[in-house]
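Student: Sequence:
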Amino acid sequence: GSRAAWIGGQTPQVQWPSGKRQGESLDIVKALDEEFPDTLALWPDKEVTELVNAFRSTFPKQTRPSSRAAFLFSWNVPVFRSEFEKTLDKTEELLSKYGGPFFHGKQISAADCAWAPFLERYAAQLPLLHGGLRPYDPSRWPRLGAWYEAMDAEVPAYSARVRGDEDSWRKVLAQAGYGNAGVPPDLVEEDAEHPQPAVGAWATYAAQRPFLAPTPAEEAAARIVRNREALAKDAMAQGVQQSEVDEGLRAVAAALLEELPPDASSSMAAV
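Straight run, no breaks: the sequence shown in our numbering ends on number 277.
Worth flagging that the hints you see were computed from the coordinates, not collected in a lab. It is possible that part of the hints are untrue.
Claimed, not checked - Computed beta-carbon distance windows for the label pairs:
#	residue 1	residue 2	range
1	D33	E253	12 to 22 Å
2	K52	E30	14 to 24 Å
3	P220	N82	15 to 25 Å
4	A236	A159	39 to 49 Å
5	L193	V20	14 to 24 Å
Said to hold, decoys possible - Cut-off 27 Å, straight-line C-alpha distance, at most; resulting in silico cross-link-like pairs (DSS-like, lysine-lysine):
#	residue 1	residue 2
6	K112	K96
7	K92	K112
8	K103	K177
9	K112	K67
10	K26	K96
11	K67	K52
12	K177	K112
13	K103	K26
14	K67	K26
15	K52	K36
16	K67	K239
17	K103	K92
18	K26	K112
19	K92	K26
20	K36	K26
21	K67	K96
22	K52	K92
23	K52	K177
All residues carry an ideal CB built from backbone N, CA and C; glycine is no exception.
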């Protein structure tokens, strides 16, 4: 549906119960500790600050900026494989400092919040730039592999709600302008025999939130139904006819529900 009326400019943004608006990811993380002091502290001490700051000295230098393909390209070509391996080796070492599986030990912290957006992209994108280069492969980087597993299994809100999907991150590499100076690189063909990233824990995430559908497909279909008026408005603003919008939304919802067991789609009647 349409975004909240108060959102404008940079993202992400939050509006606190007091009405105060705040942006910048790490500032929001710090503020969460202040707003919810009875929950697990995400930024408890200077150790976490050091882990957050270590990010700057770990990822490849002199790379082209990009919101969707960061730290991948040097001018118009991918960074050398050896540079990526150095980055992953440093990350592996950093994850050993407090025993893992998270950066600051057994609990998620602001360090994981800072590193996750870039490591999740690397998991999907590096294998397409250099064959066999898989950050989540436990045979090469066991602690990094354990971090990926922990983020997916122990932080269901991340794996089911926050993390981008691998297909989208891969498609970015084939498009001009996302860090590649307008020339998409030649991509390596994926090898299905190699280990793949873990699948998000939707069932655990939804079990704690009774307002959600029991499967991602059903939730996506429900969102389409609930937000159909806003979706139609956006489409018609681009010249699509109302009848075409209705037909398209029905087709997408139906395709999503086809993935469900025969009795699972019955809860859609309540939408």
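Student: Work down the list of hints and note, for each, if the structure agrees.
Tutor: Hint check:
One distance hint, 12 to 22 Å for the beta-carbon pair D33 and E253, is violated here, with the actual separation near 44 Å. Evaluation of the 14 to 24 Å hint for K52 and E30 yields a pass: the beta carbon distance comes to about 20 Å. For the hinted restraint 15 to 25 Å between P220 and N82, the CB-CB distance of approximately 46 Å leaves it violated. Separation of A236 from A159 is about 34 Å and departs from the stated range, judged on CB atoms against 39 to 49 Å.
A beta carbon spacing of about 36 Å between L193 and V20 contradicts the range 14 to 24 Å that was offered as a hint. Under the criterion of a C-alpha separation no larger than 27 Å, the hint pairing K112 with K96 is consistent with the structure, at around 20 Å. Using a Cα cut-off of 27 Å, the hinted pair K92 and K112 holds, with the two alpha carbons roughly 25 Å apart. Between K103 and K177, the direct Cα distance comes to roughly 35 Å. Violation of the 27 Å bound is thereby established for this hinted pair.
Only pairs whose Cα atoms come within 27 Å are accepted, and K112 paired with K67 is rejected, the gap being roughly 30 Å. For the suggested pair K26 and K96, the alpha carbons sit about 38 Å apart, so the restraint of at most 27 Å is broken. For the suggested pair K67 and K52, the alpha carbons sit about 25 Å apart, so the restraint of at most 27 Å is met. Pair hint K177 plus K112 does not hold up; C-alpha atoms about 34 Å apart against a cutoff of 27 Å.
Note on K103 and K26: the hinted pairing is violated, with a Cα-Cα distance of about 37 Å set against a maximum of 27 Å. The suggested pairing of K67 with K26 is violated, with an alpha-carbon distance near 36 Å, which exceeds 27 Å. A distance of roughly 13 Å separates the Cα atoms of K52 and K36; the hinted pair therefore holds under the 27 Å criterion. With a C-alpha separation of about 44 Å, the suggested pair K67 and K239 falls outside the 27 Å cut-off, and the hint is violated.
For the hint linking K103 to K92, the alpha-carbon distance of about 17 Å falls within 27 Å, and the restraint holds. Between K26 and K112 the alpha-carbon distance is near 33 Å, which puts this suggested pair outside the 27 Å criterion. For a cut-off of 27 Å, the pair hint linking K92 to K26 is broken: about 42 Å separates their Cα positions. A C-alpha spacing of about 15 Å is found between K36 and K26, which places the hinted pair at or below 27 Å, so the restraint holds.
Note on K67 and K96: the hinted pairing holds, with a Cα-Cα distance of about 14 Å set against a maximum of 27 Å. Note on K52 and K92: the hinted pairing holds, with a Cα-Cα distance of about 25 Å set against a maximum of 27 Å. Between K52 and K177 the alpha-carbon distance is near 38 Å, which puts this suggested pair outside the 27 Å criterion.
In the structure shown, a violation is registered for the earlier hints numbered 1, 3, 4, 5, 8, 9, 10, 12, 13, 14, 16, 18, 19 and 23, in ascending order.
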